[in-house]
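Using the sequences provided together with the hints, build the complete structure.
Protein chains: 2
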Amino acid sequence: MIDPRDARPTGSPVGLHRVLAPAGVLPQAATRLDTEWNLWVDEVRVRVERLNLDAASFRQLELKHDRDGAAVRAEVLDIVASRGKMQNPETGSGGMLVGTVEEVGPQSPLGLSVGDRVATLVSLTLTPLVIEDGLAGWDGHGEQVPANGYVILFGRSIAARLPDDMTPELALSVMDVCGAPALTSRVVGKYDAPVVAVVGAAGKSGSLSLAAARDAGAARTIGVVPHQAEAELLEASGLADAVVLADARDPVALSDAVAAAGGPADVSVVCVDVPGCEGGAILSTREGGTVIFFSMATSFSAAALGAEGLAADVTMLVGNGYVPGHADYALSLVRGHEGVRGLFERRL
Amino acid sequence: MIDPRDARPTGSPVGLHRVLAPAGVLPQAATRLDTEWNLWVDEVRVRVERLNLDAASFRQLELKHDRDGAAVRAEVLDIVASRGKMQNPETGSGGMLVGTVEEVGPQSPLGLSVGDRVATLVSLTLTPLVIEDGLAGWDGHGEQVPANGYVILFGRSIAARLPDDMTPELALSVMDVCGAPALTSRVVGKYDAPVVAVVGAAGKSGSLSLAAARDAGAARTIGVVPHQAEAELLEASGLADAVVLADARDPVALSDAVAAAGGPADVSVVCVDVPGCEGGAILSTREGGTVIFFSMATSFSAAALGAEGLAADVTMLVGNGYVPGHADYALSLVRGHEGVRGLFERRL
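Residue numbers (numbering that gives the first Met the number 0), protein chains in the order written: chain W, 0 to 347; chain U, 0 to 347.
The hints are simulated quantities; they were obtained by calculation from the structure and are not laboratory data. Just so it is clear, the structure is predicted and the values come from calculations on it, not from any experiment. Don't be surprised by glycine CBs; every beta carbon is placed ideally from N, CA and C. A portion of the hints provided could be inaccurate.
Claimed, not checked - Stretch-level coverage of chain W by chain U, calculated; a stretch enters the list once three of its residues show a Cβ under 8 Å from a Cβ in chain U:
1. 12 to 25
2. 36 to 44
3. 316 to 322
In structure tokens form, the structure reads like this:
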């Protein structure tokens, strides 16, 4: 057998050489990846310590198995074994991981060294993964999964060294959603003293987006939450100028609540992982404003047809999880805003 | 029984007063609308001449019924009767219509007069519709459906008077996709002499987007089509500086083809109604560029996770079907570009 390093000395920077099926698709769309332990010359292998499953994926697995931790664990193991990556077939989502660099191909452009403790900032849905310990240290009852095994990073993968001033759990939890505050900051900065409404504001991406909006020059930040308990948490964090209760799936209730709190918004940021929030977000946004959808539960056609149906001249952005410098920026927000740090730490 | 005009003299501008089920949702998300013939004071009733079904919706119906026209017609009638609107339950999409204004509520802000021949520019998915002729004049074999019946327009609905210098069929066909060229023009205008790639360039929204890109200052336009026959049509139209053949679902093939034709693109416009084109469009776009998704087959999560997985710093827009002035702009493109007019007329 030809050693793959001889057959194809440089891998595709986006990992096409690791796709086994179907042929010709990108790793994220693949049903099976090649988890070959030997590296192509521009790859990096990382020894896994901990997986952080995507929240929507974990919730689906928990519901499906009625909170039976052993069954959840068995299904995760089965997915990884059959696909060569952790991608929930129902939600399509994955998560991320923490580990230690084990080997660096001589032509890797990532700038990593053996022994670096890193978090991967590309999704597990496109990262070749082998689990070697049967997830023996995980009870199946939380998104953070202690694990032993390895993953492969490609030339264009992204991994960030873990900071010294916070626990790996906190850093990983922050990096998991670090695309949201970076894009929010970029969009808010294009407006002059805008009103910014964040829907799902007490959550991870929501609280970071609120902090980013304020730092980027928002004149007023409105945090929308679904329950009184979350309202109290968000009030205490001091991250929002106004905290309002509304069901984000009810367009009239949501837009009325945002209007009463100082809206309509110039920028609306949707961070709630439930379907049906498109119309309300559009209706809460001023003409000429922007809606950023970060929720994976967003329906493309509901957003497109919804805006058309409302004759709403708003820009609607697919929340891209990658913005250069996003991890460092999100970590700096946690350092600079006690309220963000508090909301994250109580989730760990 | 209280006359609804007395109970609620002014309707909601977005039609909330016509939603029967489920309660509290916008008309587009409703499963059933109130088709009451009497108008609220800010509404308009239009006598229908012709429906123009959304292409994806019609294709789904045709496939489902194996091109049995009578069965397609029966299902359309059933959908309209049960929902009070034409919204394909599978695709979620509707279409638009041509008709003549029959009655104008005294407080309607739309500026229409009885007898005006108009096309509605909001989707049929949110427009109360009654069909009165059993679609007797339609054989179920085309998207353009002769029909007699009526629709209700709300305060914030949009309707455009039909122009005198083209047939209603042509005008309707243009207005159906008029959001695409307007948004393309706006985005292209933000770049300095950009390269613009249009995927699905020989179609309706594709050809209009190509013309819009050139008018808005594109330095180079690249039209991507799937078949030789479409390539020849597009070549003959003169709308693209380069015409390339590629399967848009194959990210590597698509991005290689765009690169060979002068890419990567600063602006990529996705106009093909097939799933799985997100990765290729992202991979065909330069860092700092923009991808506009007009296809209703776009998957939100595939776009968001795809860009993250490729570490692609691109702006991704949900193609909003509404931009102020979109209908007049699209009609002006048809008047100014013989190539666009030719591609449209051969579809009628």
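With a cut-off of 8 Å between beta carbons, are at least three residues of the stretch 12 to 25 of chain W near chain U? Three-residue rule met by the stretch 12 to 25 of chain W, so holds; n is 5.
For the stretch 316 to 322 of chain W, count the residues whose Cβ lies under 8 Å from any Cβ of chain U; is that count three or more? holds (count 7)
With a cut-off of 8 Å between beta carbons, are at least three residues of the stretch 36 to 44 of chain W near chain U? Check failed, 0 qualifying residues.
Checked against the numbered hints above, the structure violates only hint 2.
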